[in-house]
Structure formats: C-alpha cells, structure tokens
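Protein chains: 2
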Amino acid sequence: MRLLTGVGVGPGDPELVTVKAVRVLREADVVFVPVLADGPEGPGRAEATVRAHVDGDTVRAVPFALSDRGGRSAERLDAWDEAARAVVSAFEEGASRIAFATIGDPNIYSTFSYLAQTVRTLMPSVDVATVPGITAMQDLASRSGTVLAEGREVLALFPMTAGLDAYEQALEAFDTVVAYKGGRFLPEMLRAVDKTGRTAETVFGAALGLPEEVVGPVADLAPETVDGAPYLSTVITTARRRERGGAL
Amino acid sequence: MRLLTGVGVGPGDPELVTVKAVRVLREADVVFVPVLADGPEGPGRAEATVRAHVDGDTVRAVPFALSDRGGRSAERLDAWDEAARAVVSAFEEGASRIAFATIGDPNIYSTFSYLAQTVRTLMPSVDVATVPGITAMQDLASRSGTVLAEGREVLALFPMTAGLDAYEQALEAFDTVVAYKGGRFLPEMLRAVDKTGRTAETVFGAALGLPEEVVGPVADLAPETVDGAPYLSTVITTARRRERGGAL
Chain B
1 MRLLTGVGVG
11 PGDPELVTVK
21 AVRVLREADV
31 VFVPVLADGP
41 EGPGRAEATV
51 RAHVDGDTVR
61 AVPFALSDRG
71 GRSAERLDAW
81 DEAARAVVSA
91 FEEGASRIAF
101 ATIGDPNIYS
111 TFSYLAQTVR
121 TLMPSVDVAT
131 VPGITAMQDL
141 ASRSGTVLAE
151 GREVLALFPM
161 TAGLDAYEQA
171 LEAFDTVVAY
181 KGGRFLPEML
191 RAVDKTGRTA
201 ETVFGAALGL
211 PEEVVGPVAD
221 LAPETVDGAP
231 YLSTVITTAR
241 RRERGGAL
Chain A
1 MRLLTGVGVG
11 PGDPELVTVK
21 AVRVLREADV
31 VFVPVLADGP
41 EGPGRAEATV
51 RAHVDGDTVR
61 AVPFALSDRG
71 GRSAERLDAW
81 DEAARAVVSA
91 FEEGASRIAF
101 ATIGDPNIYS
111 TFSYLAQTVR
121 TLMPSVDVAT
131 VPGITAMQDL
141 ASRSGTVLAE
151 GREVLALFPM
161 TAGLDAYEQA
171 LEAFDTVVAY
181 KGGRFLPEML
191 RAVDKTGRTA
201 ETVFGAALGL
211 PEEVVGPVAD
221 LAPETVDGAP
231 YLSTVITTAR
241 RRERGGAL
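From first to last, the protein sequence lines stand for chains B and A.
Going by the working numbering, 208 is the number at position 208 of the first sequence; the sequence numbering is gapless.
Going by the working numbering, 182 is the number at position 182 of the second sequence; the sequence numbering is gapless.
The set of hints was computed from the structure by calculation and includes no laboratory data.
It should be emphasised that the depicted structure is a prediction, and the values quoted were computed from it without experimental measurement.
Honestly, I wouldn't trust all of these hints.
[To be verified] Computed spacing ranges between beta-carbons, pair by pair:
1) 222/A with 223/B: 29 to 39 Å
2) 23/B with 55/A: 13 to 23 Å
3) 222/A with 224/B: 51 to 61 Å
4) 123/A with 212/B: 34 to 44 Å
5) 94/B with 82/A: 51 to 61 Å
6) 48/A with 89/B: 37 to 47 Å
[Unchecked claim] Where chain B lies over chain A, by a calculated footprint (3+ residues, C-beta under 8 Å):
7) 14 to 24
8) 97 to 108
9) 124 to 134
10) 143 to 152
[Stated by the list, open to error] To spell it out: a stretch of chain B is covered by chain A in this simulated footprint if at least three of its residues, at any positions, have a beta carbon under 8 Å from a beta carbon of chain A; those stretches are:
11) 90 to 104
12) 120 to 133
13) 140 to 153
All C-beta atoms, glycine included, are put in the ideal place defined by N, C-alpha and C.
Construct the entire structure; sequences and hints are all you get.
Written as structure tokens, this is what we have:
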C-alpha cells in the first residue's frame, strides 16, 4: 500500500487541527511540510503546527510556492515537480504512508491537489486521501465575533486572483463575501467595499493565531496595515454587523 | 466571568473535531448538546462526538429545533428560548464556563448565533466565543475525492431555503456550488443540475461518518435515496470532475 494523505492543519493555531489530522500525522512514515521558497509567509505555519503534535524524525521540509501567486509559472511548476519527486522518492525508499501537511483545508485553494496529480502521474499506484482542516475564513469569523451565514443567506468564497471587478460584483450580489489572498489588493478592495456601502459589516484578518496577528473591522485598520497587508489576508463582509460580544 | 462558547464539533465523525474543541469541552463546567425535538437527524451527532471526548456528568441535553426548517416559527423560537433559559440557569447555579456543542461550525448556518443572542438578552454580562468546526462541505469533499476550489474559482455556499430558482442561477454562474439542507428538494435539485449540464461534476453526501452514510456521484444515486434524502444532505458541484484516486 502506498497512501498519500493531504492533511489540513488549519490556519496557524496549533490547537485548530483535528484529532484525525494528529493521528494521521503521527502514523505517517514521512510527513512533508511545505516551506515557502520566496518568503516566510504561510507555509511556515504548517510546520509549526505539525511540530506541535509530531515529535521525531519523520518530518521533512520541501520547498514550495504559494498557490495562485502568479499563475502556473515555470518556477511554480518546478516547485511542484520537486515536491512530487520528493514524495515519490520517499515511497521508493520504503514508506507506505506519507502525509503532506497543508495550511487550511487540502481541498480549498490548496497546492495539495496539484501535488497529488503530479505524484499520481509519476507513480500511478499511489492512493490519495485528504483530512479536512479549519480554514482562515472560519478562524477569522471566530476571532472577530462574526457570523458567516444564517438562514437563507448565500456565501461566496472568492480568491482575489479572480479580479477586482468580479469582487465588486460579488459585493453587490451576495449576503456574505469572503475574499482570500487579497493582501496586495487591499486598498482597492476597501474602496470596493466602501462603494457598495458595506464597510461597517467588513472585518480583516492576517497572521491569524501568530504573534503579529491583525484582526478587526476594516474601518479601524491603520494605513500602514492597508498598504502592507500580507498575501494571506482574509476579508469578510457579512449581511449586517452582528455583534456577539466577541473579541472585537 | 461567565463565558458561553459555541463549539463546532464537526460533521459527525468524532475524530473530525479540533484539539481546541476537545480542550474547551473538557474545561467547561457544563456542556449543552442539542437534541432534536422533531427527529433523530443531525444534532444526535453532536452528542455522540461530545461523549467520545468528554466523560462525566457535565453533559446536558437540551431540546432544539434544526436551523432554517420553516423559518422563525413560534415553535422554533420557543425551543431557542428554552435552550437559552437552560444556559442562563446553569450560569445562575454557579457555572462560569459553559460550552454549547453544534454540528459543523458555530458561525455557518448554526443555531448557535440565535442562542447566543437570546442568552445575552437575558443575561448581558455573558461573554460569547466560538471554536470553529469542520463543515459537512469539507467532509464530503474529502470522502468523495472532490477538490472544492482551485486557482481563480469562486465557490458559492447555498442553503436550499434560498430557493430552487436561485440554485439554478448559481449553477449557471459559479465554478463551485455547494447546496446545504436540500434533502426534500433533491429531485428538483438534480433536475437543475442536469439542465445546466453539470451532472458528471456533482456529488451527494448524507449521514457522513455514520453507518448509514451515502456518498457518491449523483448519477449513481438509487431512486429511493433521491426521493428520501435526509434534511442534512449536501450536494457539491465543481468546475470539472477532478479524479484524485479518492473513495469514489
């Protein structure tokens, strides 16, 4: 048996990983954790969460590019290929169960799906499974006291790579709009939020669960935060502000 | 301190609860679990997951109505009020930390937001927090080998209480459409999926993680499953079928 499991390790807080994820990580012969080739953002969190629950020599770092930054560039394809070859080598060296840790959920805007495709192309006998993980959207909702959706409300989950025009249209049409990976577009995003009259119902989150965490209403953001927001920023706009006595 | 925490306990599999949820449930003076007034669906799962991780006398069942079935009917308002009064009584009896277990995530189509509002109306000194949980959408994606979203794809999360016409429009407009709580509308939903040419990219799930679980492509569903699907059914339509060697 050769089983590759994409394990969602949540948004960064080592406690926001499932009991099943911990078990699968501990049972794996090898645990790969992506380490970002072009900066310290994001995937470093996967390693921190893995090391909080798995001790020992099974953990191996692989260089990896963030999903969606700049499309399927040659550099990113190279990084996926390198990671896939590392997984295949580990199977060839005798591993039967390999886990690949991903921040968030392995089926939602994760690089795991690309990796799994490449591994199966190189080694078709590999079975692929996933373990779901808590997403940044859910963590930000919890930390900001925001109800994401109630009753008949429809929620749109939106990667900013889909474009600013489409984002503004989503704000016009949807009860709840969650925008991912919007860091460098944040000034333009906040103008779209303002234009559609939804500033009071919009919260921002970055570096969730880390010492440098920023969570709060977009109306309260410092200018330097708006201009320097990290790639993995999340913006949630809800149907109306629903104060719950949360952390805001 | 009086703290009420809505704890997401995931979709049914007791392992799909976070490490943080387990800690908060164990540290609580009282853990309320909703027990459905009008049938065995759904909330029974919350109790099973709680009892898998918390032993002892802190667990109390409260009758509760499923969110969204029939709107804010008088009967459902009564059930929320009764649950809220039980929480307030427990605080008055000396509890300082109360957990309320909800299936899925407490900020996504959960009855917890209504409960928390009512508790704070009755007892304004109560602080409210939430712990996120794995949603049925994520569990079904994992069990069916379905990638929910990649790259620039936009995902719409859609409660069938929003209506069949709106569902068909969503299928026309979105890369990924996830429909919740569609059980009794399933025959009409499948016609809308067929009409928009997306049958091959659509999977169905019900009773996830339970012995009676049904997971698979909608094209393979037995007629009796289509006609008798439970309320808490989930239907996922993706941009294209992405075979990953999963369970399908």
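Count the residues of the stretch 97 to 108 of chain A with a beta-carbon closer than 8 Å to any beta-carbon of chain B: does the count reach three? holds (count 4)
Would you check chain A against the stretch 140 to 153 of chain B, counting CB to CB pairs closer than 8 Å, and say if three or more residues qualify? With 11 residues closer than 8 Å to chain A, the stretch 140 to 153 of chain B meets the three-residue bar; holds.
Has the stretch 120 to 133 of chain B got at least three residues whose CB is nearer than 8 Å to a CB belonging to chain A? Contact hint for the stretch 120 to 133 of chain B vs chain A: holds, 9 residues under 8 Å.
Cβ contact check, 8 Å cutoff: the stretch 143 to 152 of chain A against chain B, three residues minimum: Since three or more residues must qualify, the claim that chain B covers the stretch 143 to 152 of chain A holds, with 8 doing so at under 8 Å.
Quick check on a hinted range of 34 to 44 Å for residue 123/A and residue 212/B, using CB atoms only. holds (35 Å)
Taking 37 to 47 Å as the hint, is the beta-carbon distance of residue 48/A and residue 89/B inside that range? holds (41 Å)
If I claimed the Cβ atoms of residue 94/B and residue 82/A lie 51 to 61 Å apart, would that claim hold in this structure? holds (58 Å)
How does the Cβ-Cβ distance of residue 222/A and residue 224/B compare with 51 to 61 Å: does it lie in that range? holds (59 Å)
Is the gap between the beta carbons of residue 23/B and residue 55/A within 13 to 23 Å? holds (20 Å)
Apply the coverage criterion to the stretch 90 to 104 of chain B and chain A: a residue qualifies when its Cβ sits closer than 8 Å to a Cβ of the chain, and three qualifying residues are needed. violated (count 0)
Starting from the hint 29 to 39 Å, judge whether the C-beta atoms of residue 222/A and residue 223/B obey it. Check failed, 59 Å falls outside 29 to 39 Å.
Three residues or more, CB to CB closer than 8 Å: is that satisfied between the stretch 124 to 134 of chain A and chain B? It holds: at least three residues are needed, and the stretch 124 to 134 of chain A offers 9 whose Cβ sits within less than 8 Å of chain B.
Comparing the model with each earlier hint shows violations of hints 1 and 11; every other hint is respected.
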